[in-house]
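Undergrad: Given only the sequences and the hints, what does the whole structure look like? Please build it.
Top to bottom, those sequences are chains A and B. With our numbering, you'll find the first sequence wraps up at 622, consecutive numbering, no jumps. With our numbering, you'll find the second sequence wraps up at 622, consecutive numbering, no jumps.
Quick caveat, the hints were computed from the structure, so don't treat them as lab data. Fair warning: there could be bad hints in the mix.
Treat identical chains as interchangeable: a pair holds within one or across any two.
Claimed, not checked - The calculated DSS-like cross-link candidates involving lysine-lysine, where the alpha carbons are at most 30 Å apart (straight line), are:
1. Lys470 / Lys115
2. Lys116 / Lys581
3. Lys116 / Lys470
4. Lys615 / Lys581
5. Lys116 / Lys68
It should be emphasised that the depicted structure is a prediction, and the values quoted were computed from it without experimental measurement.
Protein chains: 2
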Amino acid sequence: LRKEDVRMNARQRVDALRRLMRRQRLSAYLVPSSDPHLSEYVPECWKRRHWLTGFHGSVGDAVVTQREACLWVDSRYFLEAERDLDPRVFRLFKKGLPGTPTLEAYLNRALRRGQALGVDPQLLSRTAADSLEQALAPRRIRLRFPKKNLVDAIWAGRPPLPPDPVRVFPDRYAGESVRSKLSRLRAGLARRAADAHVVLALDAVAWLFNIRGTDVRFNPYVIAAAIVTRKGAQLFVERRKVTPALREALEGRVELRPYRQLGRELKALARAGASVLVDPDATTRAVLDDLRGARLVFMPSPITGAKAIKNRVEIAGMRAAHVLDGVAHVRFLHWMEGALRRGRLRESDLAARIDAFRMQERGCQGPSFETIVGFGANGAIIHYRPEPGRDARVGRRGVLLIDSGGQYLMGTTDVTRTLTIGRPTQRERELFTAVLRGHINLARTRFPKGTKGSELEALARQPVWDVGQHYLHGTGHGVGHYLGVHEGPIGFSERGTVPLMPGNTLSLEPGCYEAGKYGFRTENLVLVAPDRERSRKGREWLRLEALTLCPIDRRLIDVKRLGAGERAWVDAYHREVYRLIAPRLRPAVRRWLKKATAPLR
Amino acid sequence: LRKEDVRMNARQRVDALRRLMRRQRLSAYLVPSSDPHLSEYVPECWKRRHWLTGFHGSVGDAVVTQREACLWVDSRYFLEAERDLDPRVFRLFKKGLPGTPTLEAYLNRALRRGQALGVDPQLLSRTAADSLEQALAPRRIRLRFPKKNLVDAIWAGRPPLPPDPVRVFPDRYAGESVRSKLSRLRAGLARRAADAHVVLALDAVAWLFNIRGTDVRFNPYVIAAAIVTRKGAQLFVERRKVTPALREALEGRVELRPYRQLGRELKALARAGASVLVDPDATTRAVLDDLRGARLVFMPSPITGAKAIKNRVEIAGMRAAHVLDGVAHVRFLHWMEGALRRGRLRESDLAARIDAFRMQERGCQGPSFETIVGFGANGAIIHYRPEPGRDARVGRRGVLLIDSGGQYLMGTTDVTRTLTIGRPTQRERELFTAVLRGHINLARTRFPKGTKGSELEALARQPVWDVGQHYLHGTGHGVGHYLGVHEGPIGFSERGTVPLMPGNTLSLEPGCYEAGKYGFRTENLVLVAPDRERSRKGREWLRLEALTLCPIDRRLIDVKRLGAGERAWVDAYHREVYRLIAPRLRPAVRRWLKKATAPLR
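TA: The structure is reproduced here in structure tokens:
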């Protein structure tokens with residue numbers, strides 16, 4: 022395979038890919054956005070779909086045939102994809118619009134019986150590969166898995182794997198030793214009569230081995246994978262990333278192996294006839310191919326559930342991080358009020374500034390996702406990101422939505438506040454208050470242990486439905502402890518299909534959006550805690566505790582629309598914000614916070 | 022195989038089974054409660070688990086090894102199973118109690134590597150068989166599927182398949198012809214590039230071919246199965262059940278085949294290399310074995326979703342049935358009030374009487390499930406059935422729960438009312454009102470199309486949680502149109518995993534129970550309807566309309582605890598009950614209803 026010129030345009034890239042496809046007798050080639058760890062955020066070296074299509078959004082699958090090149094994106098990326106794609110080369114499919122075929126339907130039409138679709142087996146989970154295979158089976162279209170990625174073969178100048186060293190994450194932050202985590206995992210393997218478990222998910226690897234890194238933007242992950250057996254553990258990571266401190270920390274418990282030797286060890290497991298626990302949603306087809314011959318136990322990885330239940334140290338760390346985050350946020354809000362009086366600012370200025378306030382706090386490593394600042398109509402675009410030059414100025418009157426978060430060594434934060442610039446309209450107050458009531462209705466609920474987040478979500482939606490509005494995103498996602506800001510298996514959304522447990526941390530973020538006008542969202546992180554007052558033998562009850570400490574804009578609250586209990590919730594929340602944040606502020610900012618958290622009138 | 026004596030006791034039955042198992046080299050044999058159609062209610066001839074164990078509950082799996090015979094039941098059957106089982110022969114496993122092993126865990130311990138568990142492949146769905154196989158694989162315990170059911174081989178005097186004739190269900194009740202239903206199903210097959218679909222579920226067969234029968238208690242089903250292809254359809258049903266009217270109704274569209282020829286035709290499909298749409302939860306392992314060689318498209322049967330969306334005629338029929346049902350119910354309540362003044366009655370007397378009142382109404386074919394009448398503590402036993410002789414007398418003071426329903430030619434009903442006998446206590450009113458508020462909170466909600474029932478359930482639970490109570494059953498199930506009173510794929514419960522659609526009919530039945538004291542439940546059937554007032558282009562909204570017409574006991578409502586909107590809901594509901602029911606009552610009963618539906622004060 023010959024590397025092509027680095028300066029190829031989209032047409033040349035697609036044509037080069039087609040030449041390779043012809044040589045390999047593939048009638049179509051699928052280029053998904055994912056990576057060999059099935060990550061949400063992908064390091065540069067694995068952004069093949071971006072390189073091929075020019076589309077830089079995080080989610081979107083490309084398909085190339087000899088006749089067409091296509092990209093499927095969902096509604097949040099319709100505009101960006103139109104801007105990024107060369108329409109002479111790529112056909113854009115907007116998912117969910119009437120008349121848009123699914124990728125599977127398109128392939129069933131574009132390909133003939135017996136033809137083959139190729140895809141890199143490292144980029145599809147077992148579940149995804151099975152479902153694609155099944156969708157194509159009735160028309161006898163075959164799915165083929167060439168070992169070499171075809172885009173890599175033509176992508177000259179593809180960056181290498183990130184070389185940054187692995188950092189040891191001390192037990193004083195993690196709250197549990199690697200030894201203890203491995204022993205709990207092994208007990209889970211024993212219960213399922215499994216001999217081994219393969220770990221690909223980067224957050225699971227980071228959690229299990231108490232390591233962190235800088236390989237992925239916003240997420241403190243290390244590019245690494247692992248095999249854990251009843252007696253041993255192997256961590257597959259590039260040699261140049263290994264430091265003496267890491268060797269020392271894992272000494273005697275974990276063998277360090279070169280990243281590229283994972284496949285060889287999987288085959289050895291299979292040859293030994295081992296019984297391997299495999300999470301079908303978190304394991305690639307490539308790994309399953311290497312495991313051929315092993316006995317497979319399919320179930321969700323025991324790590325996912327264990328990681329989602331924060332231990333005492335992690336919970337204390339999350340609380341501490343939220344105090345620092347609240348201080349940064351309040352300082353930012355106070356600064357912004359003055360700055361907007363002095364002159365007009367752009368959305369991207371505000372985003373840069375809130376990130377900078379956070380970075381001044383102890384332990385802050387950077388934002389936990391790309392900061393969203395949307396003024397007026399931009400606030401209604403759910404995945405809006407202010408890009409310098411293309412962003413809006415904050416006007417003299419309107420609604421401003423700010424969604425931001427930080428990665429601290431002690432924990433991860435994620436908070437949305439909606440603010441009014443100038444006097445709000447009655448309608449703005451009505452909608453803001455509906456969203457706030459939704460937030461409070463879920464935040465106050467006490468529920469029996471065994472309840473899933475997916476079952477609770479409607480409690481936040483109902484007050485928003487009551488004013489005729491609906492939001493097209495989940496009400497909350499699990500949040501990691503100095504790990505991913507999105508973390509399974511819990512959530513106040515249809516993904517939250519396991520019961521909530523004490524120690525879970527989630528976002529709670531109902532919203533309401535009117536296209537072309539404004540968006541409202543009020544987001545706190547919450548901790549699931551035992552409801553000791555109500556629990557008794559035979560039935561445990563749970564409740565939610567707010568972790569986020571940041572005032573809710575009182576000017577947007579229509580107090581008449583709140584019930585007595587809702588009003589009391591706001592006042593108690595604001596008292597707590599003031600109590601924990603005020604002592605860390607200089608007098609002028611403290612006075613500002615006093616007003617911002619005064620009881621509702 | 023020699024038939025054993027019909028008068029064998031449990032010990033002899035188990036021993037006879039063990040002899041057969043030894044001959045077939047099975048170390049364990051699983052006897053599930055289901056039948057070859059994976060039914061909820063099973064005709065006598067297929068009640069093998071009942072015959073073997075003596076336990077007569079509808080759900081419970083038995084396992085026999087050479088050393089032990091075991092039965093697993095869930096909490097609703099703990100007491101009955103203890104009463105029914107011979108403890109010298111059967112070991113009872115109470116599911117969900119701490120320390121109770123699952124059936125799979127038990128087998129993994131009781132059997133050794135390489136040993137085999139046998140089970141009739143006609144009694145496990147593909148999903149259940151796969152999951153069992155997987156649970157046993159790590160210990161290399163094999164699952165074997167002997168074609169002949171081992172219990173049948175020793176069950177002398179086993180009843181034959183029910184011989185009752187198939188009834189043609191006229192289009193004027195069904196609202197859609199067989200031709201139209203088949204053509205919609207075929208369009209679904211075409212979309213999935215499938216050539217054929219196998220239908221085992223009895224309600225699906227009855228719906229698709231517009232037939233009804235008396236083969237199963239409470240459910241108007243016919244024992245039959247079907248294969249539908251892109252061009253033809255075969256209905257497999259015992260010859261003696263076929264009437265000339267049936268032949269005429271299906272003439273030219275549907276081939277009638279002997280019931281036992283299903284397997285042969287499945288094999289023919291497989292030999293022809295057909296692509297067959299198979300619902301993995303509604304298709305037995307036996308059918309999949311017969312289909313070996315066919316290409317399989319696994320997905321939920323398109324019939325399930327279509328059947329759940331009632332057409333105009335069905336909706337009008339459901340409404341008409343509920344008027345008749347309301348009349349019967351009100352006449353019963355009026356009668357009961359007088360009868361309880363005149364003397365004490367047993368729960369079973371009341372059950373028999375409400376069934377009798379229903380049977381007097383036009384089109385009523387019988388109860389849609391076994392009537393529940395529970396006084397006081399019996400009301401707290403969720404699946405309580407009053408058995409004459411073992412049931413309680415209704416006392417002078419206490420709470421009475423009545424859950425009953427009817428099968429009418431025009432539709433199916435299911436209603437629960439909780440009544441006070443004598444003056445209620447404050448605590449009784451508090452709990453009743455919490456349940457009522459849960460009912461109203463869900464009943465009043467307007468929600469966007471696309472919402473699933475599982476997501477709405479918490480709206481009914483929250484007011485019950487608010488008083489520290491929790492109910493361990495779903496909030497509602499789909500209801501068929503003169504078909505099963507439990508029908509998928511919808512529900513206000515974790516089973517309701519598809520979006521609700523206009524035309525769906527469901528129960529709405531929050532409850533609250535204190536063991537040893539009382540149970541409260543308020544159940545209406547509701548229809549999912551478009552919310553025309555709110556729907557606009559791009560977003561459709563839905564709402565729920567009550568179908569059930571029966572007063573809610575005003576004496577148990579603590580009006581102070583209702584919000585203004587909740588109070589208005591009760592009054593409006595009662596006005597509607599009076600408007601539709603009163604004209605059909607004689608004056609004395611009408612006067613009673615007037616009082617029972619008077620506005621709240």
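Undergrad: It remains to establish, for every hint, whether it holds in the given structure.
TA: Status of each hint after checking the structure:
1. For the homomeric pair Lys470 and Lys115, the shortest alpha-carbon distance between copies (21 Å) is at most 30 Å, but the shortest distance inside one copy (40 Å) is not.
2. With identical chains, the CA atoms of Lys116 and Lys581 are never at most 30 Å apart, being 41 Å at best within one copy and 50 Å at best between copies.
3. For the homomeric pair Lys116 and Lys470, the shortest alpha-carbon distance between copies (18 Å) is at most 30 Å, but the shortest distance inside one copy (37 Å) is not.
4. With identical chains, the CA atoms of Lys615 and Lys581 are at most 30 Å apart within one copy only, with a shortest distance of 22 Å there and 38 Å across copies.
5. In this assembly of identical chains, the alpha carbons of Lys116 and Lys68 lie at most 30 Å apart only when taken from the same copy (21 Å versus 49 Å across copies).
Figure legend: structure checked against the earlier numbered hints; the only hint not met is number 2.
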